[in-house]
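Residue numbers (the UniProt record's numbering), protein chains in the order written: chain A, 1 to 301; chain B, 1 to 279; chain C, 1 to 456.
Incorrect hints may have been included.
[As the list claims (entries may be wrong)] Straight-line C-alpha distance at most 27 Å; calculated BS3-like pairs for lysine-lysine: (1) C:K456 x A:K42; (2) B:K71 x C:K81; (3) C:K91 x B:K71; (4) B:K106 x A:K289; (5) C:K450 x A:K42; (6) A:K289 x B:K107.
[Claimed, not checked] Sample of chain B residues facing chain C (criterion: CB under 10 Å; computed from the structure): (7) D55; (8) R62; (9) M130; (10) M217; (11) I232; (12) A246.
It is worth saying that the hints were derived from the structure and are not from the lab. Think of the CB as a built atom: it goes at the ideal place given N, C-alpha and C, for glycine as much as any other residue.
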Amino acid sequence: MRKPPGASDNLTAYTFLLPWLFGFFCLTLGPMLGSLYLSMTKFNLLSPPNWIGLSNYLAIFTEDSTFTRSLTVTFTYVFLSVPLRLIFALLVAIALNKGIRALGIYRTVYYLPSLLGGSVAIAIVWRQLFEGTGVVNQLLARIGIEGPSWISHPDYIVYTIVTLSVWQFGSAMVIFLAGLKQIPADLYEASEVDGAGKLRQFFRITLPLLSPVIFFNLIMSIINSFQAFTPAFMIGDGRGGPLDATMFYTLYLYLKGFSYFDMGYASALAWIMLLIIAIFTAIVFVTSKYWVFYGDGKEGR
Amino acid sequence: MTMRNNLSRLARHLIIILIGIGMLYPVLWLVASSFKPNTMIFTNTSLWPAVFTLDNYINGWRGLNDVSFSKFFMNSALISVMSVLGNVITCSLAAFALGRLEFRMKKVWFALMLVTIMLPYHVTLVPQYMIYNEFQWINTYFPLILPKWLAHDSFFILLMVQFIRGIPRELDESARIDGCSQRQIYWRIILPLLVPALITTAIFTFIWSWDDFFSQMIYLSDIRLFTVQLGIRSLFDPSGQSDWGALLAMSTLSLLPITAIFLLFQRYFLEGIATTGLK
Amino acid sequence: MKKSMLALTLTALMTVMAACSGTSGGPAAGGESTKSGSSNQGVTNTTQPAEGGEASGEQVELRVMWWGDQARADRTNEALKIFMEKNPDIKVIGEFAPSSGYFDKLNTQLASGTAPDVFFLGGNVVDYAKKGVLLDLSLYIDKELNLKDMDKAMIEYGTLDGKLQHISAGANARGILINTTMFEKAGIPVPQDGWTWDDYAAISKQISEKLGKGFYGTYNFTVDGFDIFLKQNSKQLYDMANNQLGFAEADIRPWFDYWQQTSEAGGVVTPELQVSNPPTDTGKSLLITGKVAMTLAASNQLTAMQGLTQDKLTLVQVPRGPKGTGVVFESSQGMSGYAKTEHPAEAARLMSFWINDPDAAKILGNDRGVPVTAANRTLLEGEANEVDSLIYDYTSRVSKQAETEPFAVSYNLPGFSEFSKLAETTVQEIGFGRKKVEQAVTDFYGGTVKIFDSNK
């Protein structure tokens, strides 16, 4: 089955890859290398950059306490929101896959929050819900709990943002739904004949056959969550406050580059982020050999 | 037995509806508030407006400088549709190559494709802006649409790669025996089986282009080119007299097209592997 | 069918590819200009499309960019239209960005050498002047640019490093914004000009006590009132003449102590509420909802605030320190030219029109603050409504005060946005009990010095 690719195969493949290659070389590669260069300069955006070698990186690791805090906030966010979002999305997708009426309406209802994206409206609504006298605390008060001001206390605001990201689980759900549709129905019928219960079917059929899609959602959620910017920008004060509780990594990077006129430093931050994300992605790829099953007969990558 | 079935079905509906209401509450609040007079939006927080007004919609729709929201909606729709076409075509091409074909340096390209989305976009913004400026494409839709025609969204490439890898390889093998070229395999076998992923890509691209704000704001200056999101942000100035009512009203309206798109297209998920292709 | 489709896509891509390689490798060029910062390329490029549309004759194209909301966009465009009628040789292209993204956009354009000929700046003008991207307007004074009727203080404010780089488009005076309805409810007389900080603390406490839980005397304006406090004590934020910090650690400690004590006494909103309902966000301000009675605000904010509430608002002068109120007329925002503009004279004409033309003044109103020329102020005062009159009454009281107690105009620190973030964090560290005042102030001063050194 595995034969070395011939010249004509190469040609065909590269024809298919052409648009992407073209975009990569014309639009992406230049700016990426540019930012790598800038990360070794002092560049205030408005005057020419000065080469300072690795000083930016040195400063980030030795004397920048905001960097450390922003990493903590970001990691908290990633480790909470990624699993919660995916589990929630998977459960809802299975519930809304088939077998009941009005599926279309239900799916739309569950997807609606994600349609709002990072709009201004969502910031207004979220504040309204989670402020000290908001709806959430009114509900809590009924069961005798006096809730804090979720959107303004530095100890809690990150959880408010996690809630927002879990609430907007729609895109992950849709991808799970599409994945579920790829699972041949006769597999379930066959196992039903064998007398397998729903739970057994879920672990024996659904999970393994869905694993390429779970893998995809996991990778993308990790990448996107590490780069989360809009929720912190909209729910927080846009400057990482209160204290540094909403100082997500990309927000810090953005503030450094555009508000504090230190694009060289921001570029260095960006490349550190790239490394962190790459490490996590690589880990998922390596482990995927053990838990992702492809229909094309090749195990993992 | 049927009695128990009915009961469990009812329970399932009930649970879905209850959670759904919780999910939907913030959206309902948004819609309800868009019908309240400006001064009552933050003071009267009940879902049902005590005073019902359409002023927010009328004021908001006027838009900016004689360019009304109808124009913004047209512009957003144009950008979104063009982006959808671009992404569906070029990402599926790239995904076919990376997911199905064997060729030299495949792993390198695959890794690079992923790496490109790992760098936060704020730092590549300025150099990228310079490139588009070089082409004199500032204040046009090219910077917003062109990347989609060059398979710039690795998200969708990887999505399709994952789906393609879920398609049994025996199908291509038998097609090849029947004398199909790779291009024919792509067109006759892979694409039809990829429909759920293509629909997903189409829906997401449409919605995400529709919701995008930052790049639209950076690249568009002419009000006649403004999009819905730019129009909405223009109603909002925290230090000034933000027209909150109009903002919520236009946000509600901006939800309508994308909700409709989702509602219409989600049913294509229902057609799984059994009904598409494989004939 | 299938083949033609593919072929079509590929041909389309080939065409674009040809276009790409035709311009000697786009990305390389982009990377290059980042490195050398040689953005002249970009400048010539932007003007090319303009020359392409030669049909409009000898007209000069002038790009102007501002931020704000819908209402401001309408007014500004109307004023620009009149400018074009009066100056048929100039075609103004208005560019407008929502406030949430304005400076990102401006910075991107400046970095790539494509900034508009004229753009608006706020207190951050110092940062831009330091980086040499602003046009020196000195050459055009008394020619294209008529400043005869402009307030001296405003001209002085726009003169940075000895060069005129900024023309104020509206002035403000900060004061204490008061919700008088709350004072009535509490049965406390509304404060008068000439009060002191001790009065302020006592009144804040009284309001909180009289009105009970959930009501507060004042917002915490440690950060916004920082420079006023310094001036009241003969210091300043930024000593521009000597390019150094205008204060020492010991100078600011009492200010932080004052707020800590007032907070402990119960007169100040909780730090949580200050975050969830910031005083600067007119939609959420607790002054509007009748929960907080006083805060520091710029005079032109009264219009926006009053429009959102039934309660009656008014402005009173800032409490006095050893040297007086420390409040002068300040530019709320203004226009600067782009250093690389090809039409500096036309840019100067536009600015001159903006501040002097009575028709423009009537359209623009007080949107960006009161006019900076005496003639236009008189003009608008004649047509003022009730709220506007309150503002004029207040600003004239400030002017009168300034005659007897003059204060120099003050500038923001270079690196101001980073500094103000640090200041706010410091206040929150104290408020949320993370640090003692002494420690917080020491850290704050250390941080300030660091920010200043990397931006001066």
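Chain C contact restraint for D55 of chain B - C-beta distance below 10 Å:
14 Å, violated
Restraint: M217 of chain B near chain C, CB-CB cut 10 Å. Satisfied or not?
The hint holds - M217 of chain B has a Cβ within 10 Å of chain C, the shortest such distance being about 4 Å.
Closer than 10 Å between Cβ atoms is the bar; does R62 of chain B clear it against chain C? Give me holds or violated.
Holds - the Cβ of R62 of chain B comes within 10 Å of chain C, reaching about 8 Å at its closest.
Under 10 Å is the threshold here; is the Cβ of A246 of chain B close enough to any Cβ of chain C for the hint to stand?
At about 8 Å, which falls below the 10 Å cut-off, the nearest Cβ of chain C leaves the hint on A246 of chain B intact, so it holds.
Checking hints one by one. Is M130 of chain B an interface residue toward chain C, by the C-beta closer than 10 Å rule?
OK, holds: M130 of chain B within 10 Å of chain C, min 4 Å.
Are the Cα atoms of K450 of chain C and K42 of chain A separated by 27 Å or less?
Holds, at roughly 15 Å.
Starting from K71 of chain B, check that the Cα of K81 of chain C is at most 27 Å away, please.
Between K71 of chain B and K81 of chain C the Cα gap is close to 22 Å, so the pair holds against 27 Å.
Taken at face value, is the distance from the CA of K42 of chain A to the CA of K456 of chain C at most 27 Å?
14 Å, holds
Is the interface hint for I232 of chain B satisfied, with its Cβ closer than 10 Å to some Cβ of chain C?
The hint holds - I232 of chain B has a Cβ within 10 Å of chain C, the shortest such distance being about 9 Å.
Does K289 of chain A pair with K107 of chain B here, judged by a C-alpha cut-off of 27 Å?
Roughly 16 Å between the alpha carbons, so the hint for K289 of chain A and K107 of chain B holds.
Pairwise hint evaluation, K71 of chain B against K91 of chain C, where the allowed Cα distance is 27 Å at most:
The hint holds at about 24 Å.
Under the criterion that the straight-line Cα-Cα distance not exceed 27 Å, is the pair K106 of chain B, K289 of chain A satisfied?
18 Å, holds
Going down the numbered hints, you'll see the structure goes against just number 7.
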